[in-house]
Amino acid sequence: MSLPPNVSQTAFDAAVKAWRESVGKEWVFTEAADVALYRDAYSPFYGEPEERLASAAVAPSTVEEVQAVVRAANQHRIPLYPISTGRNLAYGGSAPVHSGSVVLDLKRMNRVLEVNERNAYALVEPGVSYFDLYNHIQKAGLDVWIDPPDPGWGSVIGNALDGGAGWTAAPFRDHFASHCGMEVVLANGEIVRTGMGALPDSKSWQHNRWGYGPWVDGLFRQSNFGVVTKMGFHLMPRPDAMQMSTVTSAREEDIVPILDVLNRLENMHQVNGSTQIFGGRAGGNGPMWTIQVPIYGPEPVVRAQMEYAKSKFSAIPGVKFTDGELFRTPLTQEQMSRVRLVNFGIPNLSTFAMLGRSPANPDPAGGHIGFSPIVPRTGESLLEFRRYFDEHVIKATDNDLGIQGPVYMTCWDRTLVCLIMFPIGRDKARNAKMRSAFERLVKVAADHGWAEYRAPAAFQDLIAQTYSYNNHSLGRLRETLKDAIDPNGILSAGRYGVWPKHLRKV
Amino acid sequence: MTSRREFLEVAALTALPAFAGARLASAAAGPNGGSAPMTSTDARAGFHLVLFDARYSQARNAGTRFGRVGAAVHALADGDITQVWMDHIGPAWQRGPAIVAGVTARPALFCLEQFALSSGLRVVFHAEHVVHADGRVEHSLLRGAESVGLSSSELIRAGADWSTRVADALARYRPDTARPRFTRSDSALEPVLPPQAQLLTSWIIAAT
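Going down the list, the sequences are from chains G and L. With this note's numbering as the guide, the letters of the first sequence map in order to residues 1 to 506. With this note's numbering as the guide, the letters of the second sequence map in order to residues 1001 to 1208.
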C-alpha cells in the first residue's frame, strides 16, 4: 500500500480506519490490485514515473457517507480525488491529478431520484450513467429525451461538471448549462444546496436555477471546491420530428458566408440541432465543405424552418442545399440501425467498435487524447485555424506522430471546437514526442488567442497557464477561493490548474 | 443493494444455472449472426453468455463450438456491445455476478471490462491471437491460462482450429475465489499490428 505524499502512516491509518467504520470495510480499497483499477488507460505518461496514480480508494453510497469520508480526510489532511464513474477517458479517467490522492469513488451513488415528465427535468446522483437514466426513462415510459455524449457510458453529473456536450438540440447539449440545482459536500463536510434548493422544502429546485443572491454553481464546474452529490438537469420533451439536411460547396472561401448564415440561423434558434462541418481539403471529387444542419421540433415547424434555412443557404452563390430525410419519433428499429443514435438521445458505445482494426476499418485512429481550442465561429477563423494546423502539425513535424484533425465541432453556439487528436499508445518514446508536440501546439494556439476548454490531467496546468490576462488574475482569484473554501487543500488538488496553498508552486 | 461480499459468495456457487438458462432474443450462432435464438440447455460451462465477433471466421467457429456445449451465445455483428449490454449483460450484472466470455476484437473486451469493474467482476482469463495475412496465428496467454488448462503450444498444435480449442478450454472454466484477484487488463489501446493482421481476444469475465 502506498501513502499519499506528505502524509504519515499514522495519519493515513487513522483515516482508513474512519472510512471503514463509516462506509464499510469492503468499500475501502487499499490492495494494489484494487487501486490499480483507477489507472488512466489513456495516460500520456502511462508506465512512466510521472504517471498520476491513486494510493487508495473509498466508495461511499450515500451523502452522509460522503460527509463522513470528507470529514475524516479533512481531519487527517488526506488528499481526495472525487470521481463520478471515472469514464471520461482521454481526460484522465479515474486517475487523480495529484498523484497519491485517494480516489473518492461515487459510482455506488447511482440513484435516479426523480424524472419529472410534465416539467421535463431529472434529479440524479453522481453514479448515474447516461445508460442508467435512459433505461429509467424507457422503463417508466416517459416522453422526455436525455442528451448523451458519444460514447454514452459516463456519468450525467460527471460529464456536466467536466464541461461535456452532447448531440441533440440546444440548449440541452451544453450539459453544464442545462443543469438546474446542485447538492454539494464541502471540504468541512457541510452540505450546501444551490439555487432554489437552499429553501428548506423547496418545491422548485429543478425548476429555476438562479435562486436568490449570487449564483455559485459555476464554482463547482471543472473545479475542486466541493463534492457534488446531487444535480438536476433539464430534459428535452421528445420532439415529434428531426430533419438533417446538408449544405455543400466546392470553393474554400464559401465557408465564410456559409458560417455567417449558419450562425444567424442558430442564434435565432431556427436551427437548433448540433451542426457538423466536414472538409476543407482540396483533392478528390467530393465537395470542399459539407455541413449537416439538423432541426428538431413539431413536424410542420421543422419543415417550415428547414425551408427557411434552405432559402438562406441557397442564396449563397455556388452552395447546394440537399433536403435530408425527416424522421418522426420514436424511431423504428430500421431507422435506429442507420442513424447516429446520439442525435436521437440514445446512448451507445459504437465509437469504441471503430477504434480497433477491422475489415471495414483497416487503419483505425486508435486511442487518442484531444487538444480542442475554442475558436470564434466565423469562416475566417476556421481558415486561420486550418493554416495553424498545417504549419505547426503537418509541416513542422511531417506528422510522423499521426496527429489527426482538425475536426470542427459546433456543440456550443458562436464557437467552433477545433479538435486535434493525438494518438496514445504504450510506446514511451513516442508518447514523449506526442507530449512535446501537444505542449508546443498549446503555446502557439495561445499566441493566436485560442485556448483549450477541457484537458487531460497531464496538461491541465499548462493550459491553465495560458489564461494569463493581467498577470494570471483569474488564476489568483481561484486560489483565493480555494484557500477559503478548502483551507486544508484536501479536494482534487491541481484539478484544472487550481492547487491548494501547500502544493502551490511559486 | 448487493454487497461486494455477496458478489463473491454468489460467485462461489459457480454454475449460476439461473443465468445460464437465459433466453436471448438476439442470440445467434450463424455465420452472419442472423440465425434463430439459442437457449442454453447445459450449464456445464456456467456462462451467462458468450459473445463472438461475427466479422471473423475464427470467432464464428468459437461461437458455434460454445453453442454446441450448451452455452448461450450472441453474435456481435459489428463489434459493438451496446445492445447486448443494455438488453442482457447489464441487467444480469445488476442481479449478480454472471460469468460472460467471448472471442472478439479488443474494444468489445475493453468496454465490457469497464462495466464489469463497476459490478465487482474482473477479467479472469485473457488471451490474444494475432491472425496474420498469411494465415499464421500468434497466441499470447496473458492471464488465467491455468484456470482453463490452456497453453500456447496446444493452440499452435491446433493450427487453424485454434479458436475451437479456445472454446473447449474456456468451457472448462470454474470460478475459484481462492485465486489472487486480477487488476484491470490492458485492453484499452490497439497494439501496432503488421499490415493486414487482425487481433482477436478470448476472455472470461467473472467474480474473483
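Hints in this document: simulated from the structure, not taken from any laboratory. Remember, predicted model here, so these are calculated numbers, not experimental data. Glycine included, C-beta positions come from ideal geometry on N, C-alpha and C. It cannot be assumed that every hint is accurate.
[Stated by the list, open to error] Footprint (simulated), chain G over chain L, 3 or more residues, beta carbon under 8 Å:
#, stretch
1, 1068 to 1082
2, 1124 to 1137
3, 1143 to 1153
4, 1163 to 1173
5, 1200 to 1207
[Said to hold, decoys possible] Only pairs whose alpha carbons sit at most 20 Å apart, straight line, appear in this in silico SDA-like list of lysine to any residue:
#, chain 1, residue 1, chain 2, residue 2
6, G, K320, G, E307
7, G, K139, L, D1087
8, G, K501, G, V7
9, G, K139, L, V1192
10, G, K25, L, A1077
11, G, K320, G, Y308
12, G, K139, L, I1156
13, G, K428, L, V1192
14, G, K428, L, S1119
[As the list claims (entries may be wrong)] Just a sample of chain G residues kept apart from chain L, beta carbon distances all over 10 Å, derived:
#, residue
15, Y42
16, A120
17, F131
18, S204
19, W210
20, G284
21, I316
22, P347
23, R386
24, W412
25, G425
26, I485
Checked hints:
{"no.": "1", "hint": "1068 to 1082", "in the structure": "holds (count 5)"}
{"no.": "2", "hint": "1124 to 1137", "in the structure": "violated (count 0)"}
{"no.": "3", "hint": "1143 to 1153", "in the structure": "violated (count 0)"}
{"no.": "4", "hint": "1163 to 1173", "in the structure": "violated (count 0)"}
{"no.": "5", "hint": "1200 to 1207", "in the structure": "violated (count 0)"}
{"no.": "6", "hint": "K320(G) <-> E307(G)", "in the structure": "14 Å, holds"}
{"no.": "7", "hint": "K139(G) <-> D1087(L)", "in the structure": "12 Å, holds"}
{"no.": "8", "hint": "K501(G) <-> V7(G)", "in the structure": "16 Å, holds"}
{"no.": "9", "hint": "K139(G) <-> V1192(L)", "in the structure": "43 Å, violated"}
{"no.": "10", "hint": "K25(G) <-> A1077(L)", "in the structure": "42 Å, violated"}
{"no.": "11", "hint": "K320(G) <-> Y308(G)", "in the structure": "14 Å, holds"}
{"no.": "12", "hint": "K139(G) <-> I1156(L)", "in the structure": "48 Å, violated"}
{"no.": "13", "hint": "K428(G) <-> V1192(L)", "in the structure": "14 Å, holds"}
{"no.": "14", "hint": "K428(G) <-> S1119(L)", "in the structure": "32 Å, violated"}
{"no.": "15", "hint": "Y42", "in the structure": "7 Å, violated"}
{"no.": "16", "hint": "A120", "in the structure": "23 Å, holds"}
{"no.": "17", "hint": "F131", "in the structure": "7 Å, violated"}
{"no.": "18", "hint": "S204", "in the structure": "31 Å, holds"}
{"no.": "19", "hint": "W210", "in the structure": "35 Å, holds"}
{"no.": "20", "hint": "G284", "in the structure": "24 Å, holds"}
{"no.": "21", "hint": "I316", "in the structure": "38 Å, holds"}
{"no.": "22", "hint": "P347", "in the structure": "8 Å, violated"}
{"no.": "23", "hint": "R386", "in the structure": "28 Å, holds"}
{"no.": "24", "hint": "W412", "in the structure": "27 Å, holds"}
{"no.": "25", "hint": "G425", "in the structure": "6 Å, violated"}
{"no.": "26", "hint": "I485", "in the structure": "30 Å, holds"}
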